[in-house]
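In the working numbering, the protein residues as written are 112 to 399.
Keep in mind that the hints were calculated from the coordinates and are not lab data.
Being a predicted model, the structure only gives us computed values, none of them experimental.
Warning: the hint list may mix true and false statements.
[Said to hold, decoys possible] Here are the computed distance ranges between Cβ atoms for each label pair:
| no. | residue 1 | residue 2 | range |
| --- | --- | --- | --- |
| 1 | Gly372 | Gly220 | 27 to 37 Å |
| 2 | Asp344 | Met112 | 43 to 53 Å |
| 3 | Pro228 | Pro196 | 28 to 38 Å |
| 4 | Val346 | Pro308 | 37 to 47 Å |
| 5 | Tyr121 | Ala244 | 31 to 41 Å |
All residues carry an ideal CB built from backbone N, CA and C; glycine is no exception.
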Amino acid sequence: MKVLILGGGYTGQRLAQLLAAQSIPVLATTRSGQWLLDEPCVTFDAGSTPPLLPDPAALAGVTHVLSTIPPLGDGGDPVLSTLLPTLQYLSLQWCGYLSTTGVYGDTQGAWVDEDSPLQSTNRRSQQRIAIEAQWLASGLPAHIFRLPGIYGPGRSSFDRLRRGDNQRLLKPGHVFCRIHVDDIAAALWASLQQPNPGRIYNVSDDFPCEPALLIEAAAQLMGVELPPPLPVDAVELSPMAASFWSECRRVRNDRLKQELGVQLRYPSYREGLAAIWAAENHEEPIPR
Numbered sequence: 112m113k114v115l116i117l118g119g120g121y122t123g124q125r126l127a128q129l130l131a132a133q134s135i136p137v138l139a140t141t142r143s144g145q146w147l148l149d150e151p152c153v154t155f156d157a158g159s160t161p162p163l164l165p166d167p168a169a170l171a172g173v174t175h176v177l178s179t180i181p182p183l184g185d186g187g188d189p190v191l192s193t194l195l196p197t198l199q200y201l202s203l204q205w206c207g208y209l210s211t212t213g214v215y216g217d218t219q220g221a222w223v224d225e226d227s228p229l230q231s232t233n234r235r236s237q238q239r240i241a242i243e244a245q246w247l248a249s250g251l252p253a254h255i256f257r258l259p260g261i262y263g264p265g266r267s268s269f270d271r272l273r274r275g276d277n278q279r280l281l282k283p284g285h286v287f288c289r290i291h292v293d294d295i296a297a298a299l300w301a302s303l304q305q306p307n308p309g310r311i312y313n314v315s316d317d318f319p320c321e322p323a324l325l326i327e328a329a330a331q332l333m334g335v336e337l338p339p340p341l342p343v344d345a346v347e348l349s350p351m352a353a354s355f356w357s358e359c360r361r362v363r364n365d366r367l368k369q370e371l372g373v374q375l376r377y378p379s380y381r382e383g384l385a386a387i388w389a390a391e392n393h394e395e396p397i398p399r
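The task is simple: from the sequences and hints, build the whole structure.
Structure, rendered in structure tokens:
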């Protein structure tokens, strides 16, 4: 196994660390050709003029490919639009594409699974719906992973509280789903070991909830004062934030558990935040 990670960002780095711990060779791409981790890295920037593409010779021996790269400004997929012939030439056993649970749209809090209709009216999510279909029709051994909000070390309610930009917005009954970055990496690792091309997986935790709960839990662990509660309707939201708050759904993860055998390390924000706080303070997390 040799894994190519297209897009060495937050999730890509976490998967690379997990693979390195298993002594799996990893090659990553970034727009600059540089990476924070001690792993081989090549340049890939489909949005530049002309596109900066990796040398096909550098991809020799790659057997598994993960794309973490979001759509381009025009809504196209940067990987399929520039690298598809190169990827088709490789002897690939597995390809993964990180999508979003936003493709389900607003269900007014009802549960969705991988077979639920894709009914989003959000432009960004509609782009993802189209790109998912392109990956599945690409002739590659494609797997789709639909992700909700991602959190983890360096990207959690603790960091936002420290910056003072984490409002405690209230909209009773309006829930969001989320997933810890380490559980994403574990899900990808499980799929890498048991390919099932064409399969789609929701990678979400077990506990959709109101976002204010995370702020309250983080503030309690930090021992800081809670931000004042603010009704969502009383706050001027950015267009992107407004789109998030316009949709409410609960995402099932049964297929992830039953087919891939994934046991979430952080089944809710409680375990996830506790582990992040313990690591930041060099403490042992409280066992579940």
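Going through the hints against the structure:
| no. | hint | in the structure |
| --- | --- | --- |
| 1 | Gly372 - Gly220: 27 to 37 Å | holds, 29 Å |
| 2 | Asp344 - Met112: 43 to 53 Å | holds, 51 Å |
| 3 | Pro228 - Pro196: 28 to 38 Å | holds, 33 Å |
| 4 | Val346 - Pro308: 37 to 47 Å | holds, 44 Å |
| 5 | Tyr121 - Ala244: 31 to 41 Å | violated, 26 Å |
When each numbered hint is compared with the structure, a violation occurs for hint 5 only.
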